[in-house]
Amino acid sequence: MPVKYVVLIYSNQATWEALPGAERDRVLGIHNRMIKELTESGELLRVDGLAHPSSTKTVRIRDGATVVTDGPFGEAKEQLAGVWAVECDSIERAIEIGAPVAEYDTVEIRQLMDLSGLEM
Amino acid sequence: VTSPQPIEDLLHELAPQVLGALTRRNGRFDACEDAVQEALLAAAVQWPDQGIPENPRGWLITVAGRRLTDELRAETARRRREDTATSLAPLEDLRAPAADLDQPSDQDDTLTLLFLCCHPALSPASQIALTLRAVGGLTTIQIATAFLVPEATMAQRISRAKQSIRTAGAKFSLPPENERAERLRVVLHVLYLIFNEGYTATSGPNLQRTELTGEAIRLARDLRRLLPDDGEVAGLLALMLLTDARRPARSRPDGSLVPLAEQDRGRWHAESIREGVAIVTETLSRSRLGPYQLQAAIAAVHDEAARAEDTDWPQIVALYEMLARIAPNPMVTLNQAVAVAMVHGPQAGLDLLATLDADERMAGHHRLHAVRAHLQEMAGDVAAARASYRTAARGTTSLPEQRYLEGRAARLTGGSDSA
Chain A
270 MPVKYVVLIY
280 SNQATWEALP
290 GAERDRVLGI
300 HNRMIKELTE
310 SGELLRVDGL
320 AHPSSTKTVR
330 IRDGATVVTD
340 GPFGEAKEQL
350 AGVWAVECDS
360 IERAIEIGAP
370 VAEYDTVEIR
380 QLMDLSGLEM
Chain B
783 VTSPQPIEDL
793 LHELAPQVLG
803 ALTRRNGRFD
813 ACEDAVQEAL
823 LAAAVQWPDQ
833 GIPENPRGWL
843 ITVAGRRLTD
853 ELRAETARRR
863 REDTATSLAP
873 LEDLRAPAAD
883 LDQPSDQDDT
893 LTLLFLCCHP
903 ALSPASQIAL
913 TLRAVGGLTT
923 IQIATAFLVP
933 EATMAQRISR
943 AKQSIRTAGA
953 KFSLPPENER
963 AERLRVVLHV
973 LYLIFNEGYT
983 ATSGPNLQRT
993 ELTGEAIRLA
1003 RDLRRLLPDD
1013 GEVAGLLALM
1023 LLTDARRPAR
1033 SRPDGSLVPL
1043 AEQDRGRWHA
1053 ESIREGVAIV
1063 TETLSRSRLG
1073 PYQLQAAIAA
1083 VHDEAARAED
1093 TDWPQIVALY
1103 EMLARIAPNP
1113 MVTLNQAVAV
1123 AMVHGPQAGL
1133 DLLATLDADE
1143 RMAGHHRLHA
1153 VRAHLQEMAG
1163 DVAAARASYR
1173 TAARGTTSLP
1183 EQRYLEGRAA
1193 RLTGGSDSA
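The listed protein sequences derive, respectively, from chains A and B. Numbering (our numbering) for the first sequence: 270 to 389. Numbering (our numbering) for the second sequence: 783 to 1201.
The following block holds chain B by itself, in its conformation from the complex (with noise of 0.2 Å):
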């Protein structure tokens, strides 16, 4: 009996493979798709008993092959009771693979099928999901249970995102030249958002979701290796693994929150940090600046400073000065208004926030009564601080940053909530 683990990470590294193999080979992207991911459940049944085949690639593409086989024949069948008057090419018997289909592309079918799955005619979710499914090779179950929606709904969303490819009319082949700037750019956000989705789940009892985390990390890696050069990708990257080293100290057994200033450091993962530090550096010093890999340097600055108080914020200030300029964002000014209170002192902070009311993106969002609570606090103004702070709560939908935002507005009051 083999354990499961090794199994599992197995067939997902041979997902995208034999996914790639059988569209290039059919061009039925939906229907391979479909077929490959009911060869990983046959794998991930037999396999722990039977042990893992001696061509583990091979096996899953004749087991694809004969169900995407089935299923067309099936399809056939049902178009030839609707129309039998429509004569209908032979089928090819995909039963026996081929040798071409056996051997792994020169060109990665990897990068070809992230660009489809990340099809700009979807909509974020659905590229999250099926990104998840056709290259990730998770279970639609395990994709829901991330997610937390039933099954139903998420195979339903899955096989709506296939229909809305088909319907866009796209080829599994690489964007044109021209469009491939773009087309990374939607790759990019969907392993932010599926990086995002994992890191902000609290230390709750849904292990699944925090796992998205090593699932875009682990994405990213395999991107990182098809387009070695781009400092985005790198930068990206290197932001997952500097923003995930501090995981287990960002909350608490009962899935509270504890924020930067107060996280123990001890417990940050040195590894992921020094992994994280030397990919910016290299990039930094190599590729066109972009707005993950400033990102991922102002991650580096706070992941490298012993203590909070040791942190160069002159220096974060000066990372988010460029950010702002190459991609400006209202997120991106809430942030930069807290490293500059901690460098001109909470005014200057403030006066950057206001800036920020006037923004239609912003109007009311919690994270600026946040922010602004605490510069008010800071800047000793307790009543204002406890007012901003009760209304950051009312806004948040999140229910440990609720209960932090009611914390620090009753600390505020010397724990007699009065007002």
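With the rest of the complex left out, here is chain A (with noise of 0.2 Å):
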């Protein structure tokens, strides 16, 4: 049966901002091409990009506060930038559908908890 799993796309804006033009747009010909690939083979449950990490705010409570900070949590130079939540039949297959994205990004591909269960 299949099983969901979240494609987190983390990139490194220098190396993005270094890269040619036309390098730049042959690697989201490859994003595009895997959208609809997924899309077509029913596999595709959501694709997200995510807005410039210049914008994030990070949120925590500490010590009763709540304390905003603007800019990303940690000092990762790579930062989430495009989330796909897809269900397919295989980690194998999940790693399939991460990997034509990752000649620049890292990927990570993590399962889904689901509410699912059977009594012991």
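I should point out that these hints are in silico values taken from the structure, not numbers from a laboratory. Incorrect hints may have been included.
Said to hold, decoys possible - Just some of the chain B residues that point at chain A, by a computed CB distance under 8 Å:
1) Ser905
2) Pro906
3) Ala907
4) Glu933
5) Thr935
6) Arg942
7) Ser946
8) Ala983
9) Arg1029
10) Leu1039
11) Pro1041
12) Leu1042
13) Thr1179
14) Leu1181
To be verified - Calculated Cβ distances over 12 Å to all of chain B for the following chain A residues:
15) Pro289
16) Ser310
17) Gly318
18) Gly351
19) Glu356
20) Glu377
21) Gln380
22) Ser385
To be verified - Listed next, with one range per pair, are the computed distances between beta-carbon atoms:
23) Glu309/A x Ala963/B: 33 to 39 Å
24) Met1113/B x Asn281/A: 41 to 47 Å
25) Glu853/B x Asp294/A: 37 to 43 Å
26) Val1125/B x Arg329/A: 53 to 59 Å
Beta carbons are placed, not taken as given, at the ideal position from N, Cα and C, and that holds for glycine.
Dock chain to chain to rebuild the complex, using the hints, since each chain is given by itself in its own frame.
Quick look at the structure:
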């Protein structure tokens, strides 16, 4: 039975900004081709691109006070840039889905929990 | 105004008949299936206001026939535009249904449809979706909601499934005699998967999901009517009834799981148990033994115990031994280990579990760790049990199972979660 995964695409802004236009177009073309393929195969649940990390707000409650800071959590160079939710037959297939867009980005594949369960 | 439930039931019942009649005449299963779906949607909108027509089956065939004609005309026009040189056969007008279309067929089309929708060329997910739509008469959005995916995703899957059937060259006819047994095995598995999707859903907000058990039971009943002498068809129906009977007690209103031994048996559905026991008793006495019958027999032994401590565990051990002989499978061994532990003590169960450590299919599976944890707890090995519960909790992708397993681990530390 198919399993739900999220494909988390982490991107390094500096790497992207340094890419020549034609190369950037080629990689974006791969994104679009994958999304089309996943739509047609009935594996895509939803796809989201995230706005630039500079617009991020990070929220914490510390000592009872809500603290909001500008910018992403942590100092990592790679920031979450896109999220695909897919449903496919195996982890091998999920890796196959994520791999083509991992040329410059880092792709993390996480299985989703579900509410179904069997009593033991 | 007619109330919606009888209309929905009627539509579900008529869906495969209408689709069968149309496909038998036209041959184009994919186009007919779309047309019938549209006719069902039209009926669901119109009938509650205008009342059920005198001949509902004829109404659906006429409406679906019209849609089909429109679609095929449009397709012909498209093709003509693309290739004007090709001469096309004149299109048969289906606007007025012929007399033979209006009669139920001698051989029930439902069986043919089940075999077609459960075609081996399709993935289980596609088989399930197509079966629910074409045989069950469910709408795409109902199926999508039950499986927690967007409607567009489910629509695409159904359309791909029909495309695969076409590519495989499958015809609207019963499979040849020599393939029948194997193909029936696939159909039974698909119904079993539909049932499980509904059964394992905890009492959350998604009611459509739990309704899948009812849908699977209905389809299994249909199949038994068509194949009354098949022991495994009867066995599967009995297994569903005997399992579903425990559903009211298997989870709490907050969705947390209640293990079998702790369930309030007064909440079990007595009528389903009576029916399931009657079916399995009758079929075991006259059919060739099969895995569904044995699993149903095991479920029956559990269901017949008024209290958990009244369970006839030696009988269950004997049934699991038979099951392990005719259908060896690591999941069977897992359940067998629990039964063995209840009869011969936890160490005997743990010894049996140890045989699974080398099994690649089970290596690291959370249920193996969960069962081991229970048996270790039974044996009084608290530290090992707690570690196994924790390992199992990390391995499951089910939130209710995780919560249950973490709860068991925490209980072994006297509630304080120090590890």
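Comparing the hints with the structure gives:
| no. | hint | result |
| --- | --- | --- |
| 1 | Ser905 | holds (6 Å) |
| 2 | Pro906 | holds (6 Å) |
| 3 | Ala907 | holds (5 Å) |
| 4 | Glu933 | violated (11 Å) |
| 5 | Thr935 | holds (5 Å) |
| 6 | Arg942 | holds (6 Å) |
| 7 | Ser946 | violated (11 Å) |
| 8 | Ala983 | holds (5 Å) |
| 9 | Arg1029 | violated (10 Å) |
| 10 | Leu1039 | holds (5 Å) |
| 11 | Pro1041 | holds (5 Å) |
| 12 | Leu1042 | holds (6 Å) |
| 13 | Thr1179 | holds (5 Å) |
| 14 | Leu1181 | holds (5 Å) |
| 15 | Pro289 | holds (36 Å) |
| 16 | Ser310 | violated (7 Å) |
| 17 | Gly318 | holds (18 Å) |
| 18 | Gly351 | holds (18 Å) |
| 19 | Glu356 | violated (6 Å) |
| 20 | Glu377 | holds (16 Å) |
| 21 | Gln380 | violated (6 Å) |
| 22 | Ser385 | violated (4 Å) |
| 23 | Glu309/A x Ala963/B: 33 to 39 Å | holds (35 Å) |
| 24 | Met1113/B x Asn281/A: 41 to 47 Å | holds (44 Å) |
| 25 | Glu853/B x Asp294/A: 37 to 43 Å | holds (39 Å) |
| 26 | Val1125/B x Arg329/A: 53 to 59 Å | holds (54 Å) |
In this structure, the hints that do not hold are numbers 4, 7, 9, 16, 19, 21 and 22, in rising order.
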